[in-house]
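Chain order of the listed sequences is A and B. Take the first sequence: its position 40, counting from 1, is numbered 40 in the numbering used here, and each next residue is one higher. Take the second sequence: its position 255, counting from 1, is numbered 255 in the numbering used here, and each next residue is one higher.
Among the hints, erroneous ones may be present.
As the list claims (entries may be wrong) - Computed spacing ranges between beta-carbons, pair by pair:
id, chain 1, residue 1, chain 2, residue 2, range
1, B, ASN75, A, THR23, 13 to 23 Å
2, B, GLN16, A, GLU95, 13 to 23 Å
3, B, SER36, A, ASP3, 53 to 63 Å
4, B, ALA2, A, SER62, 36 to 46 Å
5, B, PRO20, A, PRO64, 19 to 29 Å
6, B, VAL78, A, ALA94, 14 to 24 Å
Because the hints were derived from the structure by calculation, they are not lab data. This one's a predicted model, so the numbers in the text were calculated from it and none came from an experiment. For glycine and all other residues, C-beta sits at the position ideal for the given N, C-alpha and C.
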Amino acid sequence: MSDTFNVTAAYDKESYVQGETITVAITGDNTHVEESIGQAGPIDITVQAEGSGAQHSFQIASAPVAITTTTHEAVRIISAVDTGPTPRTWTINAEGNQITATA
Amino acid sequence: MAVNLTIRASGGATTQIALPDPVVTVPPVSSWPNASNTGVPAGTVLTNSGPMTITVPNTIIQNRNISGPVIVKANGVVIKNCRINGNRNGFAVDADGRNVTVQDSEIWNASNAAVLCQNGKVLRCNLHHCDNGVVTQGGDLVQDNYIHDLGFTADAHVDGVSIQAGSGQVVRHNHIESWDTSCVFIKSDFTAIHNVLVENNRLINTPGKKTAACVYADNSPRKGMSGITFRDNIMEKGNWFYASVVNTSVTWINNRDYLTGALIPQP
Numbered sequence: 001m002s003d004t005f006n007v008t009a010a011y012d013k014e015s016y017v018q019g020e021t022i023t024v025a026i027t028g029d030n031t032h033v034e035e036s037i038g039q040a041g042p043i044d045i046t047v048q049a050e051g052s053g054a055q056h057s058f059q060i061a062s063a064p065v066a067i068t069t070t071t072h073e074a075v076r077i078i079s080a081v082d083t084g085p086t087p088r089t090w091t092i093n094a095e096g097n098q099i100t101a102t103a
Numbered sequence: 001m002a003v004n005l006t007i008r009a010s011g012g013a014t015t016q017i018a019l020p021d022p023v024v025t026v027p028p029v030s031s032w033p034n035a036s037n038t039g040v041p042a043g044t045v046l047t048n049s050g051p052m053t054i055t056v057p058n059t060i061i062q063n064r065n066i067s068g069p070v071i072v073k074a075n076g077v078v079i080k081n082c083r084i085n086g087n088r089n090g091f092a093v094d095a096d097g098r099n100v101t102v103q104d105s106e107i108w109n110a111s112n113a114a115v116l117c118q119n120g121k122v123l124r125c126n127l128h129h130c131d132n133g134v135v136t137q138g139g140d141l142v143q144d145n146y147i148h149d150l151g152f153t154a155d156a157h158v159d160g161v162s163i164q165a166g167s168g169q170v171v172r173h174n175h176i177e178s179w180d181t182s183c184v185f186i187k188s189d190f191t192a193i194h195n196v197l198v199e200n201n202r203l204i205n206t207p208g209k210k211t212a213a214c215v216y217a218d219n220s221p222r223k224g225m226s227g228i229t230f231r232d233n234i235m236e237k238g239n240w241f242y243a244s245v246v247n248t249s250v251t252w253i254n255n256r257d258y259l260t261g262a263l264i265p266q267p
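Bound conformation, chain A alone (with noise of 0.2 Å):
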């Protein structure tokens, strides 16, 4: 199992004034691999001959196949941490996807 997050976080000005609100989005989703391992068979395989037509039956055992199933998942904002020097308080949207705060 693995997850690949291809996600990216944006200020919507490169400056603000004080009292402007700051808004940071995100865009992107995460892609979820799972792997597992399948079975293949047993196989029950007859045979005939051309001349006489008689029969053979014989059985090929089972084997395990690899699968791979891969999913694009959406992704939300869990939590928003600020470390700096002026900390602010983040609020973070209904949808999960842009916190705000003021500069």
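Given the structure of chain A, go ahead and fit chain B onto it with the hints provided.
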């Protein structure tokens, strides 16, 4: 890096992204807030109104001379260019739990405060003759206001800005003249209080009177208090202290005495 985001995928996996601190610029300041650069802009024509209760979100009330109070029961309301006589024992603008914006207005005559708000903004207002200037409940920005001549009731407990609940308030570039208790009062009376920034204010005593302490950061109710920052303020010592800090610690940077300009030691 200043902002650490934790991202969760719908399948439950998580990752983290760190963002640099945003670039914030300070607009040039011509002077401290005073009677000439706060309140209703000169030349504004006002229409008389009686008391009002606002229940429609995003309503804009402007250019009014209001014999209040103004009760706000909806989010996103903007009150600007108004003169509001609170006329009451209570709040002149009562936006209890609402994210009101009050700007470029003059407000007076209320026992509790000129403005009560949550996640609101109080900008360039002239607030006076109330027991408190602004009572904030969390997430508020109080900036560029002239708060002075406080006191409405005979036994007033006066604070310029009162923070007794909520977190994330910013008190910036206000001129506050106060007495009795404080210019900025932070006390965890009702909830824990975190991440309050008080910066670049002029916080002084009302002429002829004194605060007890210019600012408070008081966690004596022990509901929790952290991240309180006082920086770049001009302060006048109250009767006892510049700052009363109880059961917590504060970040204290470059705060200077109003009269001498001397650095005020960390309380």
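Here is what the structure says about each hint:
1. B/ASN75 <-> A/THR23: 13 to 23 Å: Roughly 18 Å apart at Cβ, these two residues keep to the hinted range, so it holds.
2. B/GLN16 <-> A/GLU95: 13 to 23 Å: holds (20 Å)
3. B/SER36 <-> A/ASP3: 53 to 63 Å: holds (60 Å)
4. B/ALA2 <-> A/SER62: 36 to 46 Å: violated (57 Å)
5. B/PRO20 <-> A/PRO64: 19 to 29 Å: violated (49 Å)
6. B/VAL78 <-> A/ALA94: 14 to 24 Å: Roughly 23 Å apart at Cβ, these two residues keep to the hinted range, so it holds.
The structure fails hints 4, 5 (numbered hints given earlier, in ascending order).
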